[in-house]
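K.L.:
Sequence:
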Amino acid sequence: MVTVTVAELLVLALLCVCGAAAEQQQRVYVTVLFRHGDRSPVKAYPTDRYQENAWPQGFGQLSQVGMRQHFELGQFLQKRYKGFLNESYDRHEIYVRSTDYDRTLMSAEANLAGLYPPSGKQVFNPDLKWQPIPIHTVPQSEERLLSFPLHDCPRYKQLMNETEHTQGFLNVTSTYQELINLVRNKTGLNGTTVESVWGVYDTLFCESRHNKTAPAWVTPEVMDKLKKLKDFGFQVTFGYYKQREKSRLQGGMLLGEIVKNLSKMAVPDPNQRLKLTMLSAHDTTVAALQAALDVFNGIQPPYASCHIFELYRDNNGSASVQMFYRNDTTVDPYPLQLPGCALDCPLNDFVRITKLSISDNRDQECQLSSPGTDKRVVISLAVSGCLLFLLVSILLGFLCCQKEPVSTRGYQHVLSQEGGEES
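With mature numbering (1 follows the signal peptide of the UniProt record, and there is no 0) applied, the sequence shown covers -22 to -1, 1 to 401.
It is worth saying that the hints were derived from the structure and are not from the lab.
Beta carbons are placed, not taken as given, at the ideal position from N, Cα and C, and that holds for glycine.
Be careful, since some hints might not be right.
[As the list claims (entries may be wrong)] Cut-off 30 Å, straight-line C-alpha distance, at most; resulting in silico cross-link-like pairs (DSS-like, lysine-lysine):
id, residue 1, residue 2
1, Lys57, Lys107
2, Lys203, Lys190
3, Lys242, Lys253
[To be verified] Here are the computed distance ranges between Cβ atoms for each label pair:
id, residue 1, residue 2, range
4, Asp338, Phe37, 35 to 43 Å
5, Ala192, Thr171, 17 to 25 Å
6, Leu321, Phe102, 20 to 28 Å
7, Ile331, Ala194, 46 to 54 Å
8, Thr25, Lys135, 45 to 53 Å
9, Glu142, Gln2, 26 to 34 Å
10, Val101, Lys206, 47 to 55 Å
11, Tyr312, Asn163, 35 to 43 Å
12, Leu128, Val273, 17 to 25 Å
The task is simple: from the sequences and hints, build the whole structure.
P.N.:
Now the structure itself:
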């Protein structure tokens, strides 16, 4: 006869309760945002021995390493959402959007090849384990959702100018001034700053990833310092100073769209078949979104890094959001906790907390008045006033000329109320 203690009974009861709670909660919708895969540099510095013709497809193009990275990410998503998504592609279940860059479009294509390998009737060529899946995009000039920072916002530019005058920013510039001078002298770049060093590091990093020989001045110590400055550049672009306001003008736009979709999907609708929204973009897109969520770790998101939103609904109709960040292929995605909420964050709380980083009218917030704007307004009003005064004067003069001439000149006598005369 097996004896069961009270403690063991309590543990069993707790496991049953937790199991029942887990069964009640059902995943209903997922959004994934990822950075493109490994690529060639987007540009070269003037003295760089590896100009555009040194790269098979030129600057800013997805490499075969990058293709494999996203094919693997697609396989990971297939495994993670097995039983949630159809094993075969269903156009009603997934919507894919990318920025209009070759590397992001190709990353999405490679990802989808891993997520939906064709089988059965979807095989149109027995020698090809691939099928075409639509990817939506808009011209780069019209992209306001997936490409940051945007440059159509005067207030954001003003915030960046203020950031560069903070004591912390000036201290970093002073600390790395010798390195900045070295980069300026060795690369042939004029006006090298903390932000422009970011681009130099990216070029050198891409070259090292593709086994190209670094110039003699690029020592491991120099690369380490450049990396620190590059990460600092990410921090000041999306945070560091007045982070929430920067987010409202940048990554908050994407966050607002994601929150809107989560809220819509939380409402049961038998006609709603969409389960996955896939967004293919850039490191700056991931950083901007995470800064708006206040979960950015201050480090440049690596190639094929992926931020995941999962929406759950229980039998009572309550919805919650869980977030994960996959920035390392050797381990499971890291859970991300929205500040002020649980890991399994009730949707109502998620909406309430994120609202602070989402602008109701981003264009209006971008056009906040500045001293220069005020001066132009005053000048415009003054000129308008003068023109109006001149017009009224001309009109009065014209009217006076049309009157009959009076018979007497000089002062005229008028009758007082008492019937007498006044001079």
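K.L.:
Each hint needs a verdict: does it hold in this structure or not?
P.N.:
Against the structure, the hints come out as follows:
The suggested pairing of Lys57 with Lys107 holds, with an alpha-carbon distance near 18 Å, which does not exceed 30 Å. For the hint linking Lys203 to Lys190, the alpha-carbon distance of about 20 Å falls within 30 Å, and the restraint holds. Between Lys242 and Lys253 the CA atoms are separated by roughly 12 Å; this keeps the pair inside 30 Å, and the hint holds. Separation of Asp338 from Phe37 is about 39 Å and conforms to the stated range, judged on CB atoms against 35 to 43 Å.
Checked against the hint of 17 to 25 Å, the C-beta distance between Ala192 and Thr171 comes to roughly 22 Å, which is consistent with it. A C-beta distance of roughly 43 Å is found between Leu321 and Phe102, which places it outside the suggested range of 20 to 28 Å. For Ile331 and Ala194, the Cβ-Cβ distance of about 51 Å falls inside the hinted range of 46 to 54 Å, so the restraint holds. The supplied range of 45 to 53 Å is broken by Thr25 and Lys135, whose beta-carbon atoms lie about 30 Å from each other.
At roughly 52 Å, the beta carbons of Glu142 and Gln2 sit outside the given window of 26 to 34 Å. Separation of Val101 from Lys206 is about 50 Å and conforms to the stated range, judged on CB atoms against 47 to 55 Å. The hinted window of 35 to 43 Å between Tyr312 and Asn163 holds, with their beta carbons roughly 40 Å apart. A hinted range of 17 to 25 Å holds for the C-beta pair Leu128 and Val273, which are about 21 Å apart.
Going down the numbered hints, you'll see the structure goes against 6, 8 and 9, while the others check out.
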